[in-house]
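2 protein chains.
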Amino acid sequence: MKKFLLALAFVPSLAFGQNHESNLRKIYDAELSSGHTYENLRYLCKVVGNRLAGSPGAAAAVEWTKQLMESYDFDTVYLQPVMVPHWERGGKDMVKIVNSEKHGTVELNALALGNTQGTGAKGLVGEVVEVKSIPELQSLGEKVKGKIVFFNGPMDPKLIDTFQAYGGANAQRSSGAAEASKLGAIGTLVRSLSNTINDIPHTGNQRYNPDFPKIPALAISTADAELLSQLLADQKDLKVYLESHGEMKTEKLSYNVIGEIRGTEKPEEIIAVGGHLDSWDVGEGAHDDGAGCMQAIEVLRLYKQLGWKPKRTIRAVMWMNEENGLRGGQEYARVAKEKGEKHIAALESDSGGFLPIGFSSSGTEAQRGKLTSWADLLRPYQLWSLDRPGGGADIGPLRDQGPILIGLKPDSQRYFYYHHTEADVFEAVDQRELELGAAAMAALVHLIEQEGI
Amino acid sequence: MKKFLLALAFVPSLAFGQNHESNLRKIYDAELSSGHTYENLRYLCKVVGNRLAGSPGAAAAVEWTKQLMESYDFDTVYLQPVMVPHWERGGKDMVKIVNSEKHGTVELNALALGNTQGTGAKGLVGEVVEVKSIPELQSLGEKVKGKIVFFNGPMDPKLIDTFQAYGGANAQRSSGAAEASKLGAIGTLVRSLSNTINDIPHTGNQRYNPDFPKIPALAISTADAELLSQLLADQKDLKVYLESHGEMKTEKLSYNVIGEIRGTEKPEEIIAVGGHLDSWDVGEGAHDDGAGCMQAIEVLRLYKQLGWKPKRTIRAVMWMNEENGLRGGQEYARVAKEKGEKHIAALESDSGGFLPIGFSSSGTEAQRGKLTSWADLLRPYQLWSLDRPGGGADIGPLRDQGPILIGLKPDSQRYFYYHHTEADVFEAVDQRELELGAAAMAALVHLIEQEGI
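Protein chains in written order, with full-length UniProt numbering: chain A, 1 to 453; chain B, 1 to 453.
Take these hints with a grain of salt, some might be off.
To be verified - With a cut-off of at most 27 Å between alpha-carbon atoms, the simulated BS3-like pairs for lysine-lysine come out as follows:
(1) A:309 <-> B:158
(2) B:132 <-> A:26
(3) A:158 <-> B:304
What the hints assert, rightly or not - Listed next, the stretches of chain A that the computed footprint assigns to chain B, with coverage defined by at least 3 CB atoms under 8 Å from CB atoms of chain B:
(4) 27-35
(5) 150-162
No lab work stands behind these hints: they were computed from the structure.
From a predicted model like this one, the values you see are computed outputs, not experimental measurements.
Glycine is no exception: its CB is placed at the ideal position from the N, C-alpha and C atoms.
Work out the full structure: start from the sequences and follow the hints.
Structure, rendered in structure tokens:
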């Protein structure tokens, strides 16, 4: 009997590798009955709070996630330095219609876009020109000179995957100010990128063109965008006052936070699993992307709880500065190449802590074929969507090093209600949906570390 | 040209029947960009409110849904009389631990189960015996005599489909009091049927055994069930005070509310689509089952909006009294048989207004094969689960008349947070998820009315 047990002890990876189906069940059972993901997310949201790159919140998040992974006794936990942009909102953003014939002065729900240069306390006033898109702006040419351009392109509600609708509408947010400035506009307003008509403004990244003035760029809520559009239809000389206080400060030193469990058979083959640790400076960054970070740590923690040792190295990575720079993802890839590391797969969760429906991926036909070959193992967990292209912003820079890039794919219906807003708080996350995401990631990582890809 | 248009006008059903794929897209486009489901649900929840069978709220719901369907100009709208039980809660339910050595008196969050005979203002006090299930109760036999039985069987968090976990735990709620009374218990407490540990008590139906005393049966919140269990572990003589005021009154006349659009080619073949109009007397019955009712009406409204006439008759049915009697479903089936109606399919939505992932069904192999043959048409709308058995409580009585019985299958992760509680309100429903459910039902009804099943 003793001999038999010893024999088993010598082949632990075989013992649990022989039955993927049963191991996936163990992962789900452990996560759904004793997972840490939800309580860890509560701490990140409620104690650390929001954490834009360069902010004290981001520093606290770095320190806390490092300590958390150390407390789980992963093989290695370390910080990877990275210089990040440091933008501060600087004060309350304000947008007011000042001369409505119907309503007089009307204050709109507004939030400056990230990286925006503020107007300062003096603000600015201008007439408003409404467009639905950047091409429409460009067709107006000189007519927007001296005006405030109001981008009012809605997300297309007819698209089932709301990320496609987001993709179709976000150029006006990310490049609207740059394009309007080229034509001499003095400021921009942008309809919040949301499927819902309500009063919550959504911030997000925008990039100036360095050859043109940095004009203020503010989001207004969808309800206020509808109102402004209606008032403009009746009154062409409508004027709006903008005030914002954003400032890009000098770069700061920050960190990617990394924890790993070394592989027993092929430790040089690395599977990165992660999310981005930074968030916008409103709300708590619960869905975007506290959820992904806590899920990634949970993948490794489940290995510890189950007493498993992976064949290949599993590495949890909290990337810094996805929201307004992507410096963390870029630095991680640069260092990996410099060190000659071999990533075979990188899995990012950055689409919210909602019900997982599968994985999207980018890679070779062989890599993607391997992923879809696991369909029957994943389907009992409602992971049915395995063939869509995708990946993740932070893992994108790894592409030329050859790993398959994979994105956890949650259902997208509710994401753009919360995205980049004060509403993206812990309470907006459902425990079971979050846990199913963590278990889905652990299940896929398990298959990859066992079989390679 | 005129001739050509006339020719088209004579074959409208062919014109839109030739391309299911394009018609399904039209249904989804219409619903997601100009659906009425969400605003109708808002009215039902916020103006009508909750609506237990026999209550004024139920009468208001009957009248309002009838008027709503008339306003949409369906071919026929009528009420089908049905006698329903009329239970009233009668006052505030109360559960208190009265002699905790640790905490003295502790009030627990409680809600009497439906159909429960109250204690009246005098209440009752007794020692508590904890069990996890009815078999465990039965193994105790006479030991529960004169005691309050506390059923503390949790829903199994490891099951992915939470309805399975509900099914595994609900006997203690539905039959616990009847079984405990047989053994001489004086009252029962039951752990709320929820996946979440919190302070919200969940009511629900329970049935007495007419040969034994009708002892009070109250649910307590999951957090309080955990607390009570912990205290009992340390103090065996713990006593609890119960007070409730429920009373079963004389039966009332109520109605199923029915609206239909007659088929152009086979009007005698009926496709029923519906939900149950009654709800529990707490919250607003938003997910259970205002959502299903508003989705069913929307199926017919979409036909009007799109200018379509179905080949077979489509009938929206709001069944009355699913929660504590099922009289509406039984009467509907009885009348259908009496009239010699021919139902080819019945589709119920009664699993919440959450993200639809497919349909469950019961029927012949041929019927179910026809349903799954549409998989490629439904998959673009994320309707991937078509092979699970199922149906719906209200359509069950139609079974022996031969239709395929179909249940809309939304994802189940969040349902038991809200189910039968004060938290089941309009705000708990996501607009897009609700609309996707309505569109899914319209899509399936369209395929059935075109092709038969």
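Hint check results:
1. For the proposed pair residue 309 of chain A and residue 158 of chain B, the alpha carbon gap of about 23 Å is at most 27 Å, so the pair holds.
2. The hinted pair formed by residue 132 of chain B and residue 26 of chain A meets the criterion: a straight-line CA distance of about 24 Å does not exceed 27 Å.
3. At roughly 19 Å between alpha-carbon atoms, residue 158 of chain A and residue 304 of chain B fall within 27 Å of each other, so this suggested pair holds.
4. Counting residues of the region 27-35 of chain A whose beta carbon lies closer than 8 Å to any beta carbon of chain B gives 4, which reaches the threshold of three, so the coverage claim holds.
5. With a cut-off of 8 Å between beta carbons, the region 150-162 of chain A has 4 residues touching chain B; three or more are needed, and the interface restraint holds.
The structure shown violates none of the earlier numbered hints.
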